[in-house]
Each structure stands twice: as structure tokens, then as C-alpha cells.
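The residues making up each chain are set out below.
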Amino acid sequence: MTDLSATYDLAVVGGGNAALCAAITAAEAGARVLILEGAPKTYRGGNSRHTRNFRCMHRAPMDPLIGSYGEDEYIHDLMLVTKGKTDESLARLAIRSSEECLPWMKAHGVRFQPSLSGTLSLGRTNAFFLGGGKALVNAYYNTAQDLGVTVLYDAQVRHVHRDGDRISHLEVDIADQPVTVNARAFVLASGGFQADLDWLARAWGPAARNFLIRGTPYNRGVVLRDMLDQGADSVGDPTQCHAVAIDGRAPQYDGGIVTRLDCVPFSIVVNKHCQRFHDEGEDVWPKRYAIWGRLVAAQPDQVGYALIDAKSIDLFMPSVFPPVKSDTLEGLAEQMGLDQQALRDTVDAFNAACRPGRFHPTELDGLATEGLPTPKTNWGRPLDTPPFYGYQLRPGVTFTYLGLRVDSHAQVHTAEGPIRNLWAAGEIMAGSILGQGYLAGFGMTIGTVFGRIAGKEAAAHVA
Amino acid sequence: MSLDTPLDATAEARRQIEICNACRYCEGFCAVFPAMTRQKSFADGDLTQLANLCHNCRGCYYSCQYTEPHEFALNIPAALAEVRVQSWERLSRPRALAQVFQTQGVAIAGLAVVAMAWFIWALAWLKPAGGAGFYAHLSHNLLVAVFMPVFLLPLVVIAASLRAYWREIGGGRVRLAHLLTALGQAARMTNLSGGHGEGCNFENGDRYTDRRRVFHQLMMYGFLLCFAATASGTLMHYLLDWPAPYGVLTPPKLLGLPGGVMMVIGAAGLAALKLRADPALGAARVWGGEMAFILLLAAVALTGLALFAATGTGLVGALLALHLASVMVLFLLMPYSKMVHGFFRLAALVAEAGKPRPVSGGE
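The listed protein sequences correspond, in order, to chains A and B. Under the numbering used here, the residues of the first sequence are numbered 1 to 463, in order. Under the numbering used here, the residues of the second sequence are numbered 464 to 826, in order.
A portion of the hints provided could be inaccurate.
To be verified - So these bits of chain A aren't anywhere near chain B, every CB distance computed over 12 angstroms:
{"id": "1", "residue": "Arg32"}
{"id": "2", "residue": "Pro40"}
{"id": "3", "residue": "Gly45"}
{"id": "4", "residue": "Arg49"}
{"id": "5", "residue": "Arg52"}
{"id": "6", "residue": "Glu73"}
{"id": "7", "residue": "Arg111"}
{"id": "8", "residue": "Glu171"}
{"id": "9", "residue": "Gln177"}
{"id": "10", "residue": "Arg202"}
{"id": "11", "residue": "Asn210"}
{"id": "12", "residue": "Val235"}
{"id": "13", "residue": "Gly256"}
{"id": "14", "residue": "Asp314"}
{"id": "15", "residue": "Leu439"}
As the list claims (entries may be wrong) - Incomplete in silico selection of chain A near chain B, CB under 10 angstroms:
{"id": "16", "residue": "Thr42"}
{"id": "17", "residue": "Tyr43"}
{"id": "18", "residue": "Thr82"}
{"id": "19", "residue": "Gly84"}
{"id": "20", "residue": "Gly132"}
{"id": "21", "residue": "Ala310"}
{"id": "22", "residue": "Ile313"}
Keep in mind the hints are simulated off the structure, nothing from the lab. In this text, all values refer to a predicted model and were calculated from it rather than measured experimentally. Where a beta carbon is used, it is the ideal one built from N, C-alpha and C, also for glycine.
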């Protein structure tokens, strides 16, 4: 049984990548560390469980990364997706530090592999974890255990007690029993609030109740809310979340990677009234998948329907649930709960607008429709070859943007100045850098870089 | 088929593999995951092949986001283990023997007792007039008359099983290059390396260890050395007219002694690992049969070494009965015990080597 009457040097709130990087770094510096993971052991690791790669700057080939990926190119990629909504000095700090993180990760048990099939475009910029994020989380827990770090599961922090410019203790429910946890320094790495549907509904509107949550059900933002209520500086748009269009049959929580659908560029996508609402062929899928969550969220009942014919069914990654299938459009409409005549009218109009030309699935082929109010500008082939297939699309929330503002030492601030013994890392502060959009693998970069900074600063504070 | 067999292991494996195939995070662990990316839907034969390609390293289980209590409830090592064992049972003739001996350790032990009783009887009543070494106890001709069919008939059964396997999985024409690739993978047990070379997750939770690979290779190479020792003795007998007993500095002893020691260490290690490993990540219903098979291999090696140590003493007769009985049971059960995994695994590796390299998907 863990002795909680003792005072730890450092209490880390959360049990994902950022928390573990902080705990390991501080323990290696000699601190006595306690990790408070809100989930049970089988679900430990927060959203890190669902990740798969780490975006890494490198000036020369660095196993498993090929070529080079310099700071300027990296920041340029970030600026494109955030449209400038970023703290550039923190972003550059994360990017520059990512290069030394890769060998550190290997030294602490993380194993990498060549790019996964279907993601070859990322072979230069992103290092893929062998076995994915859960394997990374397992490796870090083993490393932490070997360093003597204490880990408590089912440990949900309810309140971070602030006493002026210091944190004095935590109020924690451990296996539903209230406990006070004392420590000399604290790192908050407990994620965003995307699993709290009430909070999402307050921020986004009632439509959010139809959203699916792609990741852990344990990121309910309790600690984030508590800190904001106590005057901690915040960053990020409180009304926004990052969402992608996923299979509408996905579980409410924790569906993870397998619920993604890559069929949109080869589909026509309609809403529940059988109306198309956006150019499905705007750009290659890796550059467009992120906007479709928002597009579907804006439709009635927050639902969309991607329709494909036999010509295109093998052009994208397999889906976790088999598509609805029918030999006729009417049959497909019936199975999907759509109006048969309305769908027939939309498809006929679309097909009539298609033009002959060369179709090429992996590049922008310019095969565009003509004369439609909502055109399809690439891969515009008629939907005419049975059997027909359909997928229901719903918004799947990945993360929220609202977070704690930190400085380059990962320290948390209030209007009166820094809180002397409090640092934050990972999704809870990622809004400082990612104000909008998303860059594949960058969440793990922020978590690793700021987790290590927070662990180092906390250990120095208690030394 | 025993009552605790899942009703349709193939359907369950198909459900799980289709979820896996939409994720692909485990691609680097072993040959199974790249192989599955070749298709979107899986026929029964495809699943049989994937199941025999799987070495039960369990890396994918501990890395999986979708294990229970998640509603997808993935347990790929167990699902494929069940399909694999069922394929060995289904494709052997007669099936009933495989169903009994794959599952029941008691049946293996029972057969060993019967064989032992027979040899004790034979040694007592068929004792030859002359002969040296163990031929003083049992004549060479009788040994050959007993062991020729006991060795060859099971091989015929296995050959028929492999033919049926090849048909079921739709295997193509075998080229030398495929065979060499497969033998190279078996020789180094690459599919138990974890992809990073640190081994598998068999007995120590989510930590990687190389112990299973090491003990398995000690067993495999030890067995092959012992087999070579016996083969060399046969050649010396018939080609060189040089009958047993053989001295320490002859091929049968130079090969057999280290081989026997390796088998004993390998068997002890594999048995110990099996006791520590989580049975829920394998085909739990055949645990007893698998454990008895490991102990049978240990018995073969230990009695062989004891027989050598007892040379010239009064114990030779009794030890000879034990050794010959265990060897006989091992040979007889080749098609019907865990022993058959080696043949199927090699066939699966050859079939995989003969397929086009998996190409990347279309994200």
C-alpha cells in the first residue's frame, strides 16, 4: 500500500506521454515522484494510447527518419495549419527540442519502425512507434517503475489547492476514497476536456451532444476547470475543438484510429436531406481529412453520408465496420434512412455533371464536375457501377484547444505572476502552441518536449 | 471436438482481424500484420495462413488499444492460436487422434506408459542371444522393424496434412528462394524478435524478453543434433558396417551429447516460461497437451543422456525401455501433437515468402 502521508518531491497529475516524460526526467534527477493516473490500469495513458508517431526536426537522416526536416520547414508546416495562431517562440522551442527527444525516447524504451502502410508521405517528418502509442506508454511506465516512481491508478484529482503563489496539496479521489496528497512540486499533465460532453455542449452548442469522442473518456478537464476557476492564465479558443469525420457507428468514446474513414475523396457526401455540401475532391485526403469533422458538425443532426460505387471501393484503407451495401441506389438509401427520390435526384445531377478524363487516385487529377453549385474538383467520377456502398459520417472529437498558458519553462501563471511550484505539459497546455488545426504527430512532440522541461524544472525546484 | 472449443473460432478471428486491418499500428512486430494488409476481406484459408504465421509472441496484445474491457475485445494471439490448433486438428488424419493428443496431456502420458510396458515386455522376452551394448538387450533387426514404421508412417500423415494445408490457403508454386527465405526465418526465429530484436511478450507482461526465443532455439537445434546423431549412426551401420556401441569421439556421440543437453535446458526453460505465461493469450484448451509435449521432449533427452551415463551398468536395460518408449511416443505423435507446429509454421513461412510483398494502403 502506498504511503500517502509522506510528502513526495513531485506529484504528476495525469498518466499519458507528457506526465511520464515529466516523471521520468524528475526521477532521474533524483526526485521522489508520484504519478496520479485517473484511469484504471487497463486504460492508462490518456490519449497517448491512441497516438502513433512523433513529428521530429532533424538536420540529417536519423533512424527511422529519412532525409532532413529543418526548423524553418517545420515551423512553416505549423503556420499553415494554425494560420498563425501560435506562440512562435514556444513553437520554435518545441521544434528545436524535438531533435534531442528522439534519442531520449529510444533510451527510455520507445521503439520505432518504418512508416506504416498508408502513411508513406510521413516517412521523412514523423517517427512511428512500433506497436503505436500504447507500446510507448507501456515502455515509459516500465522505465518509471525501474526508477522507483510510484504510480496510482483510479486516482482522480478533484482540486489543486493554491495558496498564493504556491500549490500546497491536491485533493484526490483514489478508488472513490477522498485523499490529500502532499508534494513540494506539481506537474499538471491531465489533458483537455473533450470527454465532458456537457462542457462541449456549453462551448459549442447542443449539437455537441451528437459528437463522438475519439479518445479516452477520462479527459474531462476537471483539473483544467479547477485551475481556470482559480485564476490561472488560459490560452486557446474555449469554444473550439479539433474534430474529424469518422464512422458514425463508432463507440461514443475511445474508438481511436480504426474509426477513421478515408473514402471521402472517392465519394459523394450528402447530408440527411440528400444534399451535397462541400467539394469532396478539394485536395488529397491527408490535407483535407481534418476539415470534414467541422463540415459534418454543421449539417442537420451532425451527420453525413459518404456514397461510393464498385469502381472506388478498394481505393482507400479498410474500414473497421463494413460499409452498407446494395445493388441499387434506392436500396442503399433505404438501408441508410435516406429519401430514395431525393438521393436519386442528387446522384443523377452529379453524374450528369461528370466529364470524361483521366482518373488518378493518388494525385490531384483535375477530373472535375461542371455546372454544379457545389463542384467536385478532383476524382469526379459518376456514381454508376453497382454494388453501391455507404458510410455514415459523424464528427469525432480529437482534442480541445482551451488550455493553461505556460512560459518557456512550462510554468503556469496567474495575473499576479508565476505559480512557483507548478508546471504544465501536454494537451492541457498545447493550446499555447496549437491555436487552430492540427499537424500529425505534433501533439506528441509538445507532450515530450514540455513534459521533459516540466520534470527538469520541478526537480531543480525541489533539489 | 472438446466442449470448451469456441463454436466458430474462424468467425471470431475474422471479426478481430478486420478491426486490426483498419489500425495497422502493429505492422512492425512480425509477418502477420504486413500479410494482412494485402486484402480487405478474409476467406477461411487466409485466416488459416495468418494463424500459422503467428508465433504467439503477444507483442500485438500488449500494444493494443482495443483489448478488453474495450468493446472491440481484441485478443489476436488467442484468436489466432485457436484457429491454428483447429487447423492442425482439421487437416490431420484421423482427426480424432489429433483432437485427443493436441488437447490432453493425460493421453500423451497414458500412451507413454503403454509404450514403456511394451518395451519392458519386449526386453524381457525377446532378448537376443548375442550383441553388444544395447543390442545385447534388443536386437538391431527388431529395433529397425519397430522404428521404421513408427518414424515413416507419421511423416506420411504429415505430408498429407501439408498438402491439404497448401490447398486450403491457396499456396502457389514453391521455389527454392521461398524455401531458403523460410528456413532462414526459422533458423533465426525472426518472428519472435519483436521487430526490434529484444524479443517477445510471452512470460513477462508488457516487457520484452528473449528467453522464449533462446529456449526454443536450444530445443530446436538440440533436437536436430540428436536427430543427426541417430542418422549418422544409421549411416555408419549400413554404409561403413560399423555397428553400435559407439565411443565418445564418434559422430553419434559428438552430435547427440550436446544435443541432449540443449534439449534438456530448452525443455526446462520452455516449461518454466509456460507456467508464467498468461494462458488466456493462447489456445487455453490445449495447455495440457502442449505442456505434456514439452515434458515428453525432456524425457527423450534425459533418458538418452542417462542411458549414456549408465553404459556398462545393470541399469541399461531399464533405461533402454524408458528411452525407446519416449522416442516411440514422440514419433507416433508427430502429426497429432504440438510437434506438428514446426511443419505447419515452415509451410506458412514458405507460402508467405511466395507472395508479393505487401504494398502500402491508400491513405
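- Message: When the structure is checked against the list of hints, which entries are broken? Sort them ascending.
- Response: 2, 3, 4, 5, 7, 13, 14, 18, 19, 21
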